[in-house]
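Once you've looked at the hints, dock chain B against the given chain A.
Chains as they are written, first to last, in our numbering: chain A, 104 to 300; chain B, 5 to 624.
A few of these clues could be false.
To be verified - 16 Å max Cα-Cα, derived EDC-like pairs, lysine to aspartate or glutamate:
1. A:LYS107 / B:GLU264
2. A:LYS192 / B:ASP362
3. B:LYS263 / A:ASP160
4. B:LYS263 / A:ASP105
5. A:LYS227 / B:ASP362
6. B:LYS138 / B:ASP100
7. A:LYS227 / B:ASP365
8. B:LYS241 / A:ASP105
The hints are simulated quantities; they were obtained by calculation from the structure and are not laboratory data.
These numbers come from a predicted model, not from an experiment.
In case you want the letters, here they are:
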Amino acid sequence: MDTKRLIIVAVGGQGNLLASRVLSEAALLTDIPVRMSEIHGMAQRGGVVESAIVFGDAESNIISDGEADVLVGFEPLETLRALNKVNSKSVVITNLSPLPPFTVSIGRGVYPDLENLQGLIRAKTSKLIAYDGIALAKEAGNVLALNIVLVGSLIQTGILPVTAENVKEIIKTKTKKAFVDTNLKAFDLGFSAAAGA
Amino acid sequence: MHKLLTENPGEKMILLGNEAIARGAIEAGVAFATTYPGTPSSELSLNLFQMSQESDLYFEYGTNEKVALEVASGAANSGLRTMCMMKHVGLNVAADPLMTLAYVGVTGGFVILTADDPFMFSSQNEQDNRYYGKLSGLPILEPSSVEEAKEMVPYAFDLSEKLKEPVLLRTTTRINHSTGVVTLGEIRPRVTKGDFKKDPFNYVTVPAVSRKLHVRLLENIEKATEISQKSEYNFIKGDGAWGIVCNGVSYSYVADAVKELNIEDKAKILRIGFSCPMPETLIKDFLKGCEKVLIVEEGEPYMEEAIKAFGQEEGLTLPINGKGKELLSRLYEFDPAMIRQCVATYFGVPYTRPVLPDISDVPEMPQRPPNLCAGCSHRATYYAVKKAAEEEGVETIYPTDIGCYTLGFLPPLSMADYVICMGSSVSSSCGFSKATDKKVISFIGDSTFFHSGMTGLASAVFNNHNFTLVILDNSITAMTGHQPNPGVDMENFNLSGYGRISIEEVVKALGVGHITVIRPYKLKKSIDAIKEAINYKGVSVIISQEMCTLYAKSLKKLKIRSFTVSDKCKNHRDCLNEIACPAFFLEDERVKIDPVTCVGCAVCAQICPENAILPLKNKE
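Looking at chain A on its own, in the form it has when it is part of the complex (with noise of 0.2 Å):
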């Protein structure tokens, strides 16, 4: 089986590491192995979240720079800071709202500019998906289903051997009962963007 190489990256709290347990349960289903590593960065204190999933044959279970084959950013500048995990043939697929870090509040960077962010990313890759993932996750019912928008729109691309229905089941069996309805149609939405893009 082909090796597929995934790597999503958030800010703390954004819901990255239950985004990837729906990737993996959902692969489970199927049989098809598995491999995720996770760098929390204390994630309960603002820092960067990150998650490398291999999918099929292969031992190792981190994503050296420049191998991964997807790439999902929860955050438009979280995406850019991993830009050195991807190559020309990778696809990203990015939410556009912004979650500036502290170090901008108080004038100690700049944040970039999303429509240069954009095209630095497009000049890079094969394919950029973005969108406003916040304004979605708030149609699906709460804005913190962004990470199944996200993971809507991966699936589209079809460069995962995971199907939308098995990940649809991990959401009805895996997730809070409340939030089942919530996170379909997160899923649908996100699905539905990255068709359009």
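Showing chain B alone in chain A's frame:
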């Protein structure tokens, strides 16, 4: 029921490495477990703590790793299957009991988990704890994957009982914090009551006894070598004249590299999972079948030293290399591309690394370092100490300690000058204050104070030192994910039957001459109290009491009353420039407060020279 207590052999579960190890311990029938929490091992003990609340597994958080290991040694020598877990530097604290427990041995299976942290994702050093195996004479097992980590735990218990010695299970962050598919096995019934048979001539380590026990330890190492030689965890994969020896997560990078470079018919891999004692004969035979050998191990050249010595003993002249300028580093972590490149270069395999994207035109990006939370009481205490020192006009040195509060070293607070290990704030203050004429004010958290601050404070009082110690008491071990410590009210965990120690009473009993308890959100009162303490000649202690905001939130004990910046603001930005709470942000060059992030500590409101920061009246 806790998912790791599931009785369904054959079921596949996606587990975090630490969960997999906890499950392995449950399958092995572990009956007694102790720890002092430390990343990357913390979720392992947390899972055992949770399971102990719904089963007859006994679990306890010790005040430090030495205590945890000694407690566990008593259970293990009463015949119980026992586990003690800690991060790598924790084993330094527990090194004293470890070394002599190796002489004494155990009657029940005893597994000690040490979680190493190459690259120092959350540690102060990246020491390689495999040397503890060599130093103590105890066996070491090292898994290469999450699945194998679970399988190794029952093996480790069996090995421990066979040798009657503790066994070290050594992981790295990429095992503890990785996730994989694990197949559940049978759960062995727990034996929770044992007995200690008196045998002072084997248990009381006076010199005459220890001389005899050391002989036995050396014999045990011989026995362990025999087992290591035949262990399923030391195996050879593939065939060819190129040899690669590897351990831990490096094995996965090597296995992938050999496949990706298409050298499966040329290279054979010797994976060492039972690394102390090294399987001497197995390695010597492996070397004899190779033209050239590469050793791939993160950290120190632990295997490389042994393997080169084995080669020398056999009179072999083949190249054996590992660490070196053109090869592998002793620093940080490895990754798959690094190992692929190294294998290709070393064995002369044609390989061109894919071109990395040129990111030189990406503008400089603002950093996102972790920060003290909005409303964190440490921020308030740091501000108060800083102001008190400024107003008193004293030149200061700020030794600090290990915990969330170490983040206070970042600007604009910049309230940390020195930290080396748990407890060092107190004792290093003695040295700094004697050797300089500066005012020394040090910081330590509640859990760290119980861990190893108390002994330093006793020494400081006895030797009549002159400094101020600030104990940041947030009523929990916050950094590692809210574990209890002896100062914590266990009713917050809905648990009864625990004692509770007052830090103030401890400090008093240790003979400290000047003790003040402050509530750090009350800035003016706190600053006045701190001024008094720093003017005291001798050891003075400030206990700054306020529950961790994250913890209070999780207990639903936080009454959130958000603040807002009113029209009175004249844009001095003292709030932003002096405390930089993450609830602040700039909009059209004006400071605003995010009402969702703000918890209402009101520290900024007390700093604002215009009194422009006010409680939000009508919360939407």
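Pair hint outcome, LYS263 of chain B versus ASP105 of chain A [Cα-Cα no greater than 16 Å]: holds (13 Å)
Agreement of LYS192 of chain A and ASP362 of chain B with the hint, judged by alpha carbon distance not exceeding 16 Å: holds (14 Å)
Satisfaction of hint between ASP105 of chain A and LYS241 of chain B, Cα-Cα up to 16 Å: Between LYS241 of chain B and ASP105 of chain A the Cα gap is close to 22 Å, so the pair fails against 16 Å, i.e. violated.
Given hint ASP100 of chain B paired with LYS138 of chain B - CA-CA distance at most 16 Å: holds (15 Å)
Satisfaction of hint between GLU264 of chain B and LYS107 of chain A, Cα-Cα up to 16 Å: Since the Cα atoms of LYS107 of chain A and GLU264 of chain B sit roughly 14 Å apart, the hinted pair holds (cutoff 16 Å).
Hinted pair LYS227 of chain A and ASP365 of chain B, Cα distance within 16 Å: Holds, at roughly 11 Å.
Distance restraint between LYS227 of chain A and ASP362 of chain B, which requires alpha-carbon spacing of 16 Å or less: holds (8 Å)
Hint consistency between LYS263 of chain B and ASP160 of chain A [alpha-carbon to alpha-carbon, up to 16 Å]: This hinted pair holds, its Cα atoms lying about 11 Å apart.
Of the numbered hints given earlier, the model fails hint 8 alone.
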